[in-house]
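A.B. asks: Take a look at the letters that make up each chain.
There are 2 protein chains.
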Amino acid sequence: MPTYRLTLEYDGTRYRGWQEQKNAVTVQGELRKAIEAYLGAAVELGGSGRTDAGVHALAQVAHLRVARELRGEALLRETNDRLPADIHLLGAARAPERFHARHTAVARSYLYQISRRRTAFAKRYVWWVKRELDVAALAAAAQELRGRHDFAAFCERPEEQTSTVVELERAEVAEAGDLVLVRIVASHFLWKMVRRLIGALAAAGAGELRAGDIGRLLRGEQVAGFVPARATAPPSGLFLERVLYPGDEALGALEPAFPVPRNA
Amino acid sequence: MPTYRLTLEYDGTRYRGWQEQKNAVTVQGELRKAIEAYLGAAVELGGSGRTDAGVHALAQVAHLRVARELRGEALLRETNDRLPADIHLLGAARAPERFHARHTAVARSYLYQISRRRTAFAKRYVWWVKRELDVAALAAAAQELRGRHDFAAFCERPEEQTSTVVELERAEVAEAGDLVLVRIVASHFLWKMVRRLIGALAAAGAGELRAGDIGRLLRGEQVAGFVPARATAPPSGLFLERVLYPGDEALGALEPAFPVPRNA
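Line order of the protein sequences matches chains U and Z.
So that you can map any letter, position 49 of the first sequence is 42 in our numbering, and since no number is skipped, the others follow by simple counting.
So that you can map any letter, position 25 of the second sequence is 18 in our numbering, and since no number is skipped, the others follow by simple counting.
To be clear, the hints were calculated from the coordinates, so they are not data collected in a lab.
Be aware that one or more of the hints could be misleading.
The list cannot tell twin chains apart, which means a pair is met if one copy fits it or any two copies do.
Stated by the list, open to error - Below, computed lysine to aspartate or glutamate pairings styled on EDC-like, alpha-carbon distance capped at 16 angstroms:
(1) K185 x E201
(2) K116 x D74
(3) K26 x D206
(4) K123 x D74
(5) K116 x D171
(6) K116 x E162
(7) K185 x D45
(8) K185 x E149
(9) K123 x E71
(10) K26 x E71
(11) K123 x D171
(12) K26 x E37
(13) K26 x D171
Throw the hints in and build the complete structure from the sequences for me.
C.D. replies: Structure below.
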C-alpha cells in the first residue's frame, strides 16, 4: 500500500498524549480525524512512539498507509486545514512500503527546557525551577547517565517492561539565556524515564544529589532522601525533538525550542 | 514620595489591554491588585502608555509611588507571588521622585512577528501571513515610513488626536527562520498605528502595494483598492519591546521574542 512519512509538531498541553484512546482527546486521534475527513476513507496511522499527556513534539514521525496514491503537498495542505491550531503537519513524503514509524526508527531525541526564572510567556513550555542551579554540577551528573545501564529506578512500572536496560547515547546540557537545556538521545525510552532523569539532574544541580549518586541509583543502590518517582519533572518542559531513521541527517546543535525572551 | 521604576512582561492574550477599566480584566488592574495586596495600601501606578487588547509586552515600564520605602527585591518577589502566570515583573528599582513612566519616556520600540508558516506553538505570538511575501519589497516599503510624517491614514479616530504628525525614528526589518520581524521606534504612537503600518508593509511584501504607495498614503493621497484600516494586523504578533528613558542603554539587535521552532 502507498506509504507516507509524516512529520508533525504539536503543543501537547491540551492532549492526553499521542496515543489514541477511547474518551480522550489525543494527537493521533486528531490527526486521524483530519486525514480521514480529507480522504473520506479509513487509513492506517502509526507513530514512532507514545508521548505522555502534556508532552510536546517538535518533530514526531508517523507512517500513513492509504489505498491510493496521494500528492504529498495536497496531503499536507488539506490535513493542516482540518487540524486544530496546536497540531501542525510539517512534512508528508512518500516512503518505502516497509517504512514503519516505530520499528524503523533507530533513535529518539528528547529536549527538556528548565527555566531559571518565572516567565509570562513560556509557562507551557518550561519547568520553572526555583532552586539555585549549579549548571556544571547538573552537566557532570548528566555524564553519569551515558552508556548502557538498567534504568529501572527511573521507570514507571518497570515490572511491565521486557527489559529496563537502555543504551543512552547522548546526554547534553547547555545554557541559553535563562534556560538550561538538556538533550537525551537513546534508541528507546521507558515510561516516564526522561522526566525522572531530568528531575534527578535538577536535584544534582541544586546540590541535593552528589557526584556519583546517579551512578548509584543506576546500580540499584539507594540514595538516602531521594526517590526518583517523587522528583519527576513536569511534562510542560519536555519536547520529542527528533526521531532518527537510517540515512537521516545527524542532530544539530542543542538549541531552545522556545527561548524565554531576553530580559529588558 | 518614594518612587519605583517597574519593568514587566506580559502575554496580552487574555487582557483588555494595559489600561485599567471598570468591568474588564487589564494588566494595570492585575498589577495594582497584586501590589496593593502585598502592601495593604493604595498606591499610585502609571504606565508608559496603553497597549491594546491582546498586545504583549517584553518590557512595559510603570512608575509606582508609595507612602513608605520598600526594598526592590522584596517588592519584586512579593508582587510576582501574587500576579497571574501571564504577567511577570522583571525589575523594580528606586527612581527619582520626578520619574513618570509616560512623561519621562523619550521613545517606544515595538516589535512585530509575522510568521510565514502555520505553527502549533506560537499562534498567540505571531500573525500567520499566508500570502507569499517578498521581504526585500517589505523592507523597502518600511524605509518610506522613516522621518516626520502625518500618520492620519494609519490612525484610528485621528480627529481625537491633538496632532497626527509623528517622527518615526526607525523601521527595521529582519528575517529569523520562518519569521519576518519588524521593529518600529518613535517618540510616541497613535491609536492602532503600529498594526496599520504592519498591515500596509505586509501588503507591500505581497505585491498589493507598489513602491511609493506608502509615501502616497502618508501624503494623504488615495491608493486604489487599499484601505489601511481594513488591513490592520492582528494584536497577536505585536510586542511593546522597550520604553526608552534618558540615559538608558540603546536598543540591541532585532531578534525574535519567540522564534517559531526550527523545522525538522
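A.B. asks: Each hint needs a verdict: does it hold in this structure or not?
C.D. replies: Consistency of the hints with the structure:
Neither within a single protomer nor between protomers do K185 and E201 lie at most 16 angstroms apart by alpha-carbon distance, with minima of 21 angstroms and 51 angstroms respectively. For a Cα distance limit of 16 angstroms, the shortest separation of K116 from D74 across copies, 15 angstroms, qualifies, whereas the shortest one inside one copy, 27 angstroms, does not. In this assembly of identical chains, the alpha carbons of K26 and D206 never lie at most 16 angstroms apart, being 47 angstroms within a copy and 45 angstroms across copies at closest. When the C-alpha separation of K123 and D74 is checked against a cutoff of 16 angstroms, the pair qualifies only between copies, where the shortest distance is 12 angstroms, while the shortest distance within a copy is 40 angstroms.
Proximity of K116 to D171 under the C-alpha cut-off of 16 angstroms is restricted to the intra-copy arrangement: shortest distance 13 angstroms within a copy versus 23 angstroms between copies. Taking identical chains as interchangeable, the C-alpha atoms of K116 and E162 are never at most 16 angstroms apart, the minima being 29 angstroms within one chain and 34 angstroms between chains. Taking CA atoms no more than 16 angstroms apart as the test, K185 paired with D45 passes inside one copy only; the shortest distance there is 8 angstroms, against 42 angstroms between copies. Within a single copy, K185 and E149 get their C-alpha atoms as close as 6 angstroms, which meets the 16 angstroms cut-off; across copies the closest is 53 angstroms, which misses it.
Taking the shortest alpha-carbon separations for K123 and E71, only the inter-copy value of 14 angstroms comes in at or below 16 angstroms, while the best intra-copy value is 44 angstroms. With identical chains, the CA atoms of K26 and E71 are at most 16 angstroms apart within one copy only, with a shortest distance of 12 angstroms there and 47 angstroms across copies. For the homomeric pair K123 and D171, the shortest alpha-carbon distance inside one copy (12 angstroms) is at most 16 angstroms, but the shortest distance between copies (33 angstroms) is not. Within a single copy, K26 and E37 get their C-alpha atoms as close as 12 angstroms, which meets the 16 angstroms cut-off; across copies the closest is 53 angstroms, which misses it.
In this assembly of identical chains, K26 and D171 lie within 16 angstroms of each other by CA distance neither inside one copy nor across copies; the values are 39 angstroms within and 28 angstroms between.
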